[in-house]
Amino acid sequence: MPAELAESPLNMAVVRAEFPILDQQVHGHRLVYLDSAASSQRPAVVIRTIAEYYAKDHANVHRGAYELSVRATRRYEAARGKVARFLGAGRADEVVFTRSTTESINLVSMAWGRANLRPGDVVVVTEMEHHSNLVPWQMVCEMTGAEIRAIKVTDDQCLDLDHLDALLSEGNVRLVATGHVSNAVGTIHPVEEIARRAHGVGALYLIDGAQGAPQLPIDVRAIDCDFYTFSGHKACGPTGIGVLWGRRELLESMPPYQGGGEMIEEVRIERSTYAPVPHKFEAGTPNIAGAIGLGAAVDFLQSLGLETIHAHEKRIARLVLERLADEFKSITLYGPAPGVARGGVVSFTLADIHPHDLATILDHEGVAIRAGHHCCQPLMRRLGVAATARASFYLYNAEDDLEVLVSGLHRAQELFGI
Amino acid sequence: MGCTARRNFSESDRHMLESIFREIILEHYRKPRNKGVLENPTVTVSMRNPMCGDEIDLMLAIEDGQIQAVGFTGQGCSISQASVSMMTQGVSGRSVDEALDLEKRFVALMRDDEGASDDRKLGDLSALQGVAKLPVRIKCALLGWNALDEAIKAHKKSPTGAMGEKLEFEDLTELPAGFDPTTHKDDLP
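As they're listed, the protein sequences go chains A and B.
For the first sequence, the numbering used here assigns the number 1323 to the initial residue and increments by one for each residue that follows.
For the second sequence, the numbering used here assigns the number 252 to the initial residue and increments by one for each residue that follows.
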């Protein structure tokens, strides 16, 4: 292994060998995948687990009176236990399987929000939320007459906690909803501190962990949040599976989100009684293979160690920020300065080259990056840009990928006569 | 696996990118023609691509079926901005029907139709032919043309114009009609 890679706490050769998709050429170049913040890739063990489940153990879950259904149910519920341990949750029945982070947030906004929000109540979000942690709150506020307020973002794209205090002191705040890590600029938010302040005024705290769970050790009890949500596909798991963790007494107090099979106890024509949590929130046949695949994904992440993955992300983000700043005079880097808590996402613009043109040029070098508003239009407005280019480095990305990115950006400058 | 400070670029890729980001396109991107607010337009169309954030406000002053003046504001990538800049040059002073004819020719160029790349009536617009090889960017090149198309439709409905009223559109299609990415000839194996 080259000396410069030796410093990463992850063994890159071993990690990369786990991801079959990375072993390919795009436009004649080695694929350099720098878009894991949109969706990560899957290790072979996750792909194998899903294939084996379908090949050997599939049947519908719960109440099946035969061996295959018992086996499928056991594997599905075992996955719930794995996710609970992954989140530091006390009990498996606090974990609800959903389709995605987006559905998890919609579940809380609709089930908890419609039952609890009243005219004049306030939901606090942030200026840098992903649309999926903003629009569901707008919708429930419209339905209930509650109001929405946003924590301001500082000039280096951190949350202005003094402004949070000001919002909380205005009263009537029932819930605070923030991301864990910004998908657009990489900021890691002080979630323990936000939980403390929200609880100080009796508000609940929901975390959009779509970017947190893939790269940080999560302990929902230590954070002391009330809801934590994440998606499988950004954390080396399958698409179509997401997680809502909620404090048990809250989940129990909430009405169901969708009605149907699986979520009932006794059904009569006029009314029904509902199954206990978490099944109350899992109407219909769930994504069984997705849950089992996610179980394999969190096992994989834990086998590498979330502390180790976080250390790798911190290190590579620092290297990327420093290298790009050194190499390109006309680059603008967004997000907190190197050294401030941040994940592996680096957002930038280069001279007058539009981010979409950068993405096209880099694609022809085999480099996959994202260009656009990253589902954060309010933040883009705050930054005064229509779009940025975003390179997200994950556990399989290292300095060699950074160097390919650098040479691709040189190529872009050359094409644009810079 | 190791670090390479500088990579070799394959000839075909080099050619492909150079055929798209040509000097004349960058020149229009950096010094767009007819950019600015037009006084007293007879029709104004705002066209946004919500997926990528590119947006154009196209203003036309049409009198007796002639495009007397044209202006645009907005922002976006080099392809969308160069395309709209060249388009305004191509349609300024022309009749509405001539403008529609030019649109048809440009769409044919983007569809990589037989003979379209030799169409002399396209003038500078031929420089955008490389975009036809990049299905995901064709929408960028067509943004301004979609605005033109809507503007002419609105003009035909109400030739005297509804001055000051801006018609707003969102360009929501993945690709315009006639471009099915699954059957685009460059995508076939």
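Source of the hints: derived by calculation from the structure; they are not laboratory data.
Please note that the accuracy of each hint is not assured.
In silico DSBU-like pairs for lysine-lysine, Cα to Cα no more than 30 Å straight-line [as the list claims (entries may be wrong)]:
no., chain 1, residue 1, chain 2, residue 2
1, B, Lys404, B, Lys282
2, A, Lys1651, B, Lys404
3, B, Lys282, B, Lys408
4, B, Lys286, B, Lys384
5, B, Lys407, B, Lys355
6, A, Lys1651, B, Lys408
Bear in mind the structure is a predicted one, so any value in this text is a computation, not a measurement.
Against the structure, the hints:
1. Lys404(B) x Lys282(B): Cα-Cα ~29 Å, so holds.
2. Lys1651(A) x Lys404(B): Answer violated: lysine 1651(A) to lysine 404(B) is near 46 Å, above 30 Å.
3. Lys282(B) x Lys408(B): violated (33 Å)
4. Lys286(B) x Lys384(B): holds (28 Å)
5. Lys407(B) x Lys355(B): Distance of about 17 Å is within 30 Å: holds.
6. Lys1651(A) x Lys408(B): violated (52 Å)
In this structure, the hints that do not hold are numbers 2, 3 and 6, in rising order.
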